[in-house]
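Student: Listed below, chain by chain, are the residues.
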Amino acid sequence: MLEFLLLLVCASILVSGVLAVCLKDVMPAMVASGLASLFAAVSFLLLAAPDVAMAEAAIGSGLATFIFLYAIRKTGNGKG
Amino acid sequence: MMRHILVAILVLLFGLIFARMVGGYVELDALRPLALDYVTRAPVELGTPNIITGILITYRGFDTLGEVAVLFMVAASVGLLLKKDDGKASVAKVSSDKVTGEKTAAAKPVLARTEAARAAAARAAAAKANASARAVTTGTMAVKSARGAEPVEDEETASQREPSEIVRTGTEVLLPLIFTFGAYVIVNGHLSAGGGFQGGAIVASGVMLMLLSRPGMKLNVALLSIVESFAGVFYVCLGILGLVLAGGFLDPRFLPIGTLGAFISAGAIPIISALLGIKVGAELSVIIDRFRS
Chain A
7 MLEFLLLLVC ASILVSGVLA VCLKDVMPAM VASGLASLFA AVSFLLLAAP DVAMAEAAIG
67 SGLATFIFLY AIRKTGNGKG
Chain B
16 MMRHILVAIL VLLFGLIFAR MVGGYVELDA LRPLALDYVT RAPVELGTPN IITGILITYR
76 GFDTLGEVAV LFMVAASVGL LLKKDDGKAS VAKVSSDKVT GEKTAAAKPV LARTEAARAA
136 AARAAAAKAN ASARAVTTGT MAVKSARGAE PVEDEETASQ REPSEIVRTG TEVLLPLIFT
196 FGAYVIVNGH LSAGGGFQGG AIVASGVMLM LLSRPGMKLN VALLSIVESF AGVFYVCLGI
256 LGLVLAGGFL DPRFLPIGTL GAFISAGAIP IISALLGIKV GAELSVIIDR FRS
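Protein chains in written order, with this note's numbering: chain A, 7 to 86; chain B, 16 to 308.
Looking at chain B on its own, in the form it has when it is part of the complex (with noise of 0.2 angstroms):
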């Protein structure tokens, strides 16, 4: 009771305060200082139509950094933790060393019996085939209830992993589409809604439904780890040329800027979002391909 009545006095302080900023919202008839700033610096500095990018990209380029840095961090910590081999290998060290104790105890008693008959070699020796041959029996008995084991268990996860024929045919027909419209995000983000971030986003999710469609399909992720890593080096060396050649770190301008609204334009901008885009995609799948394995 006393809980209860605990938790609606807090749930009654937390509509107070949302009470009161809702109360004293009112509505911007103009944009606030910064954001006029970038509004109109934005199109005339850096030649992008599509303001966010600009900003995501130069004004705000370490963040992107370091947004892509933290992604990164979590492909690595995810690859660390959902390791492929690990539970395999346990499993079959367990069965292993199950088959072998087995052998050991069962060779132990034939052991006994033969020192306690030596008197009389032609028992001992029949005893002791007898015993052998038990031996064998019991471990390939253990072998193949372990075999036995496995298999259905595959089965299982097969008949799980089975997609249907609207996935796959479904995937047949979306998939090149999806691509193709994460390519097209990706490099139109100068111009219009979109970017290398959320472009990458979308060739993932597209990865995630072909990987959903043939559960069989290995993704290559060592080569995915070696696109994603040059992505990385390259967006920070094109860092390191605008510190050069231009104003700052990320400054995409030692590239011409071009005309307004046309494809090539914005200096680099088009380039480190490709980069970007390559990177999160990279990234994205691989983190997809540890969780479903």
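Okay, chain A solo, but in the shape it has when bound (with noise of 0.2 angstroms):
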């Protein structure tokens, strides 16, 4: 059963990384890669790593993608 979530959740991790890079608009791409990162803290506490899961959370997928959407705002949208 573990095993199975976790294959799933790594899976999830693959997807949102390549729709990170394959996906033309910005901000979605930001959000896909934050989404990763969530994926990632998920498999890292089925992995039984709490400490690592928390930091992960916060900082990559809380902190990390909201700097890149203040960044993105400020370059116009990926457009300027």
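Looking from chain A toward chain B, a few residues come up when the C-beta cut is under 7 angstroms (computed): (1) PRO56; (2) ASP57; (3) MET60; (4) ALA61; (5) ALA64; (6) ILE65; (7) GLY68; (8) LEU69; (9) PHE72; (10) ILE73.
Here are the simulated SDA-like pairs of lysine to any residue, each with C-alpha atoms no more than 25 angstroms apart in a straight line: (11) B:LYS98 x A:ILE73; (12) B:LYS98 x B:ARG307; (13) A:LYS30 x B:PHE306.
With beta-carbon atoms standing in for the labels, derived distance ranges: (14) A:LEU29 x B:ALA237: 35 to 41 angstroms; (15) B:GLY81 x A:VAL58: 17 to 23 angstroms; (16) B:LEU190 x A:LYS80: 22 to 28 angstroms; (17) B:LEU260 x A:PHE10: 48 to 54 angstroms; (18) A:LEU52 x B:GLY38: 22 to 28 angstroms; (19) A:LEU13 x B:ARG35: 18 to 24 angstroms.
Just so you know, the hints here were simulated from the structure itself, not pulled from any lab data.
Nothing here was measured: the structure is a model prediction, and the numbers come from that model.
Ideal Cβ positions, reconstructed from N, Cα and C, are used throughout, including at glycine.
Take the two lone chains, each set in its own frame, and fit them into one complex as the hints suggest.
Tutor: Written as structure tokens, this is what we have:
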């Protein structure tokens, strides 16, 4: 059961990573990359590493995504 | 075509490397010697049920100090690169330059005209008055256009930044919980999962939510910098205390270890953890604030 769940989460990491690379628009790509980070945090939690999961969830999917979003807005949604 | 083949070969090579790694993977049924050493020693020597915090703050304390130093460098360099008043000042300077330039350009022909028509004093005076009036109007027009450009920009950013009702209400409900959880994670680092770094990150994400819901809010960056610097200084001072009173730099055992699992236990680890949490939280908040403005 745990292994199945872990495989599912890892597949989600892969899918959202590919989405982050392939999406044309910058904003959805950023959200996809934050999602990949969030799934990575879940996988750390399933692998019994709650300390790393906490740091990943707070920094990787929270702060980093929003810093990127601020930067994207400043540069004119990635077009300018 | 050639490039595609090259890329395909590269991908295949990477695949080979990973295939070897995956093929040679055997799940360990016992801990490696180093891990076993840490796992058996940490609860006895340091009194930390959460072995990871014990390792991070004591056995690998120097690495944690380096990590915090790197974060400090990042905050400082981000502050240097994204200075707040630079953009506005340059814009104001350019517009004022433009205005003065136009004024002088308008004033020059006035002088020429008055010199040519010196014989007719009345005409010259009239021309002067005319020209100066024109210069004034052009100047004010330039100022007006410069001013007119700015509020439009401000309105645009304001409409972009206006948070929705959901964000505002959600922040009011969630913010105390997030801060409390961050403080809990920081001070319980030696007992349960978490510690200074994770708790600081949680507090900083709470600060981020606060900044998102109140765009007009100003973070007191100077105070945060001072708090952060003092936390760093105290951290190093505790390390030196460990060097003098106990086994080595950042050794937390100069305070009594106490009973395993009690809230006040594990020597100086909770204090170091709290200082770390304050430092990391303040640094990340400052970084977010720099990117926001």
